[in-house]
Every structure is written in C-alpha cells, then in structure tokens.
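4 protein chains.
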Amino acid sequence: MNQTLSQKRILHLKQDYERGFIRHCGFKADQVAHGKFRASLVLKDHHRQQDGFVHAGVMATMADHTAGYAAFTVVDPTFQILSIEFKINFFKPAFGRGLECRSTVIRAGRKVIVAESEVYDLGEENRGMTAKAMVTLMAVPGEALV
Amino acid sequence: MNQTLSQKRILHLKQDYERGFIRHCGFKADQVAHGKFRASLVLKDHHRQQDGFVHAGVMATMADHTAGYAAFTVVDPTFQILSIEFKINFFKPAFGRGLECRSTVIRAGRKVIVAESEVYDLGEENRGMTAKAMVTLMAVPGEALV
Amino acid sequence: MNQTLSQKRILHLKQDYERGFIRHCGFKADQVAHGKFRASLVLKDHHRQQDGFVHAGVMATMADHTAGYAAFTVVDPTFQILSIEFKINFFKPAFGRGLECRSTVIRAGRKVIVAESEVYDLGEENRGMTAKAMVTLMAVPGEALV
Amino acid sequence: MNQTLSQKRILHLKQDYERGFIRHCGFKADQVAHGKFRASLVLKDHHRQQDGFVHAGVMATMADHTAGYAAFTVVDPTFQILSIEFKINFFKPAFGRGLECRSTVIRAGRKVIVAESEVYDLGEENRGMTAKAMVTLMAVPGEALV
Numbered sequence: 000m001n002q003t004l005s006q007k008r009i010l011h012l013k014q015d016y017e018r019g020f021i022r023h024c025g026f027k028a029d030q031v032a033h034g035k036f037r038a039s040l041v042l043k044d045h046h047r048q049q050d051g052f053v054h055a056g057v058m059a060t061m062a063d064h065t066a067g068y069a070a071f072t073v074v075d076p077t078f079q080i081l082s083i084e085f086k087i088n089f090f091k092p093a094f095g096r097g098l099e100c101r102s103t104v105i106r107a108g109r110k111v112i113v114a115e116s117e118v119y120d121l122g123e124e125n126r127g128m129t130a131k132a133m134v135t136l137m138a139v140p141g142e143a144l145v
Numbered sequence: 000m001n002q003t004l005s006q007k008r009i010l011h012l013k014q015d016y017e018r019g020f021i022r023h024c025g026f027k028a029d030q031v032a033h034g035k036f037r038a039s040l041v042l043k044d045h046h047r048q049q050d051g052f053v054h055a056g057v058m059a060t061m062a063d064h065t066a067g068y069a070a071f072t073v074v075d076p077t078f079q080i081l082s083i084e085f086k087i088n089f090f091k092p093a094f095g096r097g098l099e100c101r102s103t104v105i106r107a108g109r110k111v112i113v114a115e116s117e118v119y120d121l122g123e124e125n126r127g128m129t130a131k132a133m134v135t136l137m138a139v140p141g142e143a144l145v
Numbered sequence: 000m001n002q003t004l005s006q007k008r009i010l011h012l013k014q015d016y017e018r019g020f021i022r023h024c025g026f027k028a029d030q031v032a033h034g035k036f037r038a039s040l041v042l043k044d045h046h047r048q049q050d051g052f053v054h055a056g057v058m059a060t061m062a063d064h065t066a067g068y069a070a071f072t073v074v075d076p077t078f079q080i081l082s083i084e085f086k087i088n089f090f091k092p093a094f095g096r097g098l099e100c101r102s103t104v105i106r107a108g109r110k111v112i113v114a115e116s117e118v119y120d121l122g123e124e125n126r127g128m129t130a131k132a133m134v135t136l137m138a139v140p141g142e143a144l145v
Numbered sequence: 000m001n002q003t004l005s006q007k008r009i010l011h012l013k014q015d016y017e018r019g020f021i022r023h024c025g026f027k028a029d030q031v032a033h034g035k036f037r038a039s040l041v042l043k044d045h046h047r048q049q050d051g052f053v054h055a056g057v058m059a060t061m062a063d064h065t066a067g068y069a070a071f072t073v074v075d076p077t078f079q080i081l082s083i084e085f086k087i088n089f090f091k092p093a094f095g096r097g098l099e100c101r102s103t104v105i106r107a108g109r110k111v112i113v114a115e116s117e118v119y120d121l122g123e124e125n126r127g128m129t130a131k132a133m134v135t136l137m138a139v140p141g142e143a144l145v
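Those protein sequence lines, which keep their order, are chains A, B, C and D. Here numbering that gives the first Met the number 0 is used: the first residue of the first sequence is 0, the next is one more, and so on. Here numbering that gives the first Met the number 0 is used: the first residue of the second sequence is 0, the next is one more, and so on. Here numbering that gives the first Met the number 0 is used: the first residue of the third sequence is 0, the next is one more, and so on. Here numbering that gives the first Met the number 0 is used: the first residue of the fourth sequence is 0, the next is one more, and so on.
These are computed hints drawn from the structure, not numbers from a lab. Certain hints may be false.
Pairs involving identical chains hold if they fit within one copy or between any two copies, as the list cannot separate such chains.
Simulated crosslink set (EDC-like; lysine to aspartate or glutamate; CA at most 20 Å straight-line) [what the hints assert, rightly or not]: (1) 91 with 17; (2) 7 with 124; (3) 27 with 50; (4) 13 with 117; (5) 27 with 75; (6) 110 with 50; (7) 43 with 15; (8) 110 with 44; (9) 110 with 124; (10) 27 with 15; (11) 7 with 44; (12) 110 with 99; (13) 35 with 124; (14) 110 with 17; (15) 7 with 99; (16) 43 with 75; (17) 91 with 44; (18) 13 with 50; (19) 7 with 75; (20) 43 with 17; (21) 13 with 124; (22) 7 with 29.
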C-alpha cells in the first residue's frame, strides 16, 4: 500500500466526493491524505430540522460519506468502497454557520476498513465537536459491483 | 400515556415531519399510529452516490428522522425529541424507484426511547429490506430546548 | 443453502456453543433452527455489577455469542464465524433469576451476516426484553483462520 | 465539576471497579484520572472462544465497564452510572497474554456521557489495538436507582 497519494489521485477523490446526494447536500471536499479526509459544509436553512438545529441526517451523511473517502485513500484505485454499517453519537445540537468533518481510518484490514468521523460545529466561535461516528466499510474490487 | 392519537395530532406530526432537510430530501409521511411511523421517498438522481446506488446518507436520514417521529407518537405533545445516537446496517445496495421506511418504538422509557427503522427498496419488484437502524432518542420538555 | 439442519449439526452447534468464556459465564444452548439460536443463563451473584443488577457485559456477551451461533446455522459447516462489530441497547436493569437470549439472522449475505439478539429478563414474572443487539458477522472459510 | 480527583475517590473507584462479574472475569483497575480509566486483564484459557482467540464478550465487557468507570470520574460521587448502549468494532482476533483497556470520556453532558474504550492485545510484542468501543452512559442520582 503506497502511503503517498499522487496529486492526480487526490484531485480525483476530491471531485468524486462531490456527486449525487452529496452535491445536493452541499458538502465540499477540503483535504486529502493517506488515511484522512476532511470536508466542510456551509449551513443553509434546508439543512435544519423542526427546531432550527442542523438535522442529524446531515451530520450522519457527512460522517458516513467522508469516512468512505478516507477509506478510498488506503485502497488500490481499482477498488470501490461500500458502507457495511455505522454508528453515530450526537453530542449537542449544532446551529452554527457551517460544519467540518474530519475522518480517519483507524483499521485497514484486507476487506474490512474502520474509520472514525468527527463533525465540528463552526460558528462565531468554534463550538467544538457536535457528533462522532464509527464507520465499518468494505473494499470491493470495482468489477464486483456491476 | 394515551395510546390513541387524535386526528389532529396525527395531522400535526405528518406536517411537522416534512420540514427543512427532510423537505429538501423529499421524504413524505405516510402512516402514523401509536409507536409507529411510516414514510416514503420517490428516488431521484440526486439521492444516489458515485456508483448509482442510493446514498447511505439518504437511508440513514430517513431511518433517523422516521424513528424520531415514531418517538413523538408515544410522548406528551409538549415534548421534543432529540437523537442521542443511532446505528444502521446496510444490507445491500438499493437502486429501485423508491424507499419506504417503517419505524417502531421498541422501548419507551421516561427519558430514553429506543426505536427501530427498517428501510425497504421499492422497485419493479419488492427488493426487500435494504437497511435497518436502531435509534436512541431522548424526550425533552419543549422549553428545555430553547 | 440447506434450510433444514441435521440433528448431528444441531448437536454439534449446541456443544460447540458452551466452551471457553461461555462455559465460564454459564450460558446454555437451548434451541437451534435455520437462522435462529436460543440460549439461557441461570443468574448467580457473579453475574452482577456494583448495584446488584446483571452486568451489561453479561448481556452483551450472550447477545454476541448467540448471534454468532445463529449465523453458524446459515453457513456451510466448513465456515467459521467472526464478529466484525455489534451494538447493544440496554432498556432497563435486569435482576431476575435468569436470562434468555433469542438470536435471529436478518440478513445472510455471502460474506457479511447480520443478526439480532433479544435478551429477556426472567423472574417471578416475565419482565420482558432487557436488551437488544444488532451484530455484524463475517463468514470465513475454516482454513483462513489458521 | 472538580477536575482533580481525591486519592480517596481514586481508591474507591479502583476497588469498586473489581466486583461481581468483573472479579469473575479477572479485570484489574490500573490508572484513574479525570475523564480517564485504564484496566488490564491477564488472559487465561477461560477467556477464549471456540477458535482459541479471546472471546469478543471479554473485550466488550472490558470496554463497557471501563468506560463506565471513566464516566464515574466526571460526575459527583453521589451519582450512579448506567450504560444506555454501546457499539464495539473488533479489528483482529486477539490471542496474546493480556489485554489493556483505555477509556476516555469524549462528551460529558449533564445527563448523557459518551466515552470511548480502546482494547489492546498484549503479547510478546505489542500487537496493537484489537477493538474499539463507543459507549453512551447515563448519570443517575444514586437514590433514583433504588
């Protein structure tokens, strides 16, 4: 496993990150390194729930997706990544101007990869970590998905 | 705890369900009963991920939100519901025309409520359960949130 | 996948269930069928925690192990089963005379198997479900473990 | 919240840690500080499962219990701690001479406390982290448990 990602691979992962539902949500890829992926979101009204806080689903989607892209950084480019499951704890309601998600691979097995995602509430002041997830992913050879 | 919901309460919960991020995602409330909530989604391209499957975040958001509204059916109308945490397993990629989510309260404690959400992949044929979540929620008196 | 287990396979799984740490804890295999495994425990003082309730670890061990044996009932006898992860919710303290655990496979993929375990608190009266777990398991060809 | 624990409180928590099921399992409290608790286990045959590896239930019990005692270090001594739920990932089979568990509180809310537990496999060489758990706990006034 090559621990230095090429600029081409980094660019590909950043662009690939922002598609489909993720584009619809507005998440942006920020930084990529071996075993790490960082993303952010500018919060809009359509990210909130009935009480005005950021919807738990926004944080869960960000945590899952960013963990998946952290996993992409530790596998061969021919592999796809699928989420087997995840668990997320919500520490306190988030209501700032943005969110930042920092995902880190904590176990890279041959098939099963485990990553953690920390979601931060960005506001006038840094309000700290608002949610944390543990995500179990599976690396699948690309053609096996078809 | 009154186990029969008024029509007014049912209508309120259905309307309240479809706000903010949930409206942005397109989830619709379908059926409401004591301890149960059912919702659905017509799938569009913006619900998919890089491989064309429904994004795990779509299913997670639906599972969390619908579980929360199942919890609303077992508490006094003055209470708010917050997600403490949830865990979701993805059984197989979903790629049908729609999703259905069925949430059921399996433990209604005084403060902590546990609900399960089953997400079904609806297509030409019923493709069965595609994800299942266990959600831990907290019932909070309305004014305590302000 | 043969959905009828031979009496020999059932007997083997029941005996295999009660080894090592499981014997040390005192769990007993009760019933075995395709996709299902049921076990019980007579509670002793050494199963309790500092407040006199059954220790969460007793219920978690029972939930994990019994889910694993439910998984054994849906794979070829040459396969081993390993726990990838599990999540367990504790609904209320258990303090009865015994526990019963009922595990059911809810998704049998080629590699990943998901099972649920419900733990019941048995007392003078049936006190109901005290904990519920969702367990993700992996089926591994026997020789691959060596 | 006083962030320096008295020697009396530390001694009490260490002794309180090793009771009931935990004594039966053989876990030992090692180090205690505000928000942190560290414990260890000398592995015996009765901690293993059918393949000779440490049973997942041993690691889960250690992770849950040690997280609970980390939570005790951040609450008033009159409070009790109950596990609401936990999730644990198993990274690789453990088969060394001992285990070490390091638990850290990552969120101390007024009622809900979240802690993480890392379980290390100790052998001839340090085999690294073998499991990691995220544990949701509730702080309950002592008399409320009776």
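Tested hints:
no.: 1; hint: 91 with 17; verdict: neither (27 Å within a copy, 23 Å between copies)
no.: 2; hint: 7 with 124; verdict: neither (35 Å within a copy, 38 Å between copies)
no.: 3; hint: 27 with 50; verdict: between (25 Å within a copy, 19 Å between copies)
no.: 4; hint: 13 with 117; verdict: within (19 Å within a copy, 31 Å between copies)
no.: 5; hint: 27 with 75; verdict: neither (23 Å within a copy, 40 Å between copies)
no.: 6; hint: 110 with 50; verdict: between (41 Å within a copy, 19 Å between copies)
no.: 7; hint: 43 with 15; verdict: between (23 Å within a copy, 19 Å between copies)
no.: 8; hint: 110 with 44; verdict: neither (39 Å within a copy, 29 Å between copies)
no.: 9; hint: 110 with 124; verdict: neither (40 Å within a copy, 24 Å between copies)
no.: 10; hint: 27 with 15; verdict: within (11 Å within a copy, 29 Å between copies)
no.: 11; hint: 7 with 44; verdict: neither (35 Å within a copy, 27 Å between copies)
no.: 12; hint: 110 with 99; verdict: neither (28 Å within a copy, 26 Å between copies)
no.: 13; hint: 35 with 124; verdict: neither (25 Å within a copy, 27 Å between copies)
no.: 14; hint: 110 with 17; verdict: neither (25 Å within a copy, 30 Å between copies)
no.: 15; hint: 7 with 99; verdict: neither (24 Å within a copy, 39 Å between copies)
no.: 16; hint: 43 with 75; verdict: neither (36 Å within a copy, 30 Å between copies)
no.: 17; hint: 91 with 44; verdict: within (18 Å within a copy, 32 Å between copies)
no.: 18; hint: 13 with 50; verdict: between (33 Å within a copy, 16 Å between copies)
no.: 19; hint: 7 with 75; verdict: within (14 Å within a copy, 44 Å between copies)
no.: 20; hint: 43 with 17; verdict: both (17 Å within a copy, 16 Å between copies)
no.: 21; hint: 13 with 124; verdict: neither (27 Å within a copy, 36 Å between copies)
no.: 22; hint: 7 with 29; verdict: within (15 Å within a copy, 46 Å between copies)
In this structure, the earlier hints numbered 1, 2, 5, 8, 9, 11, 12, 13, 14, 15, 16, 21 are contradicted, and the remaining ones agree with it.
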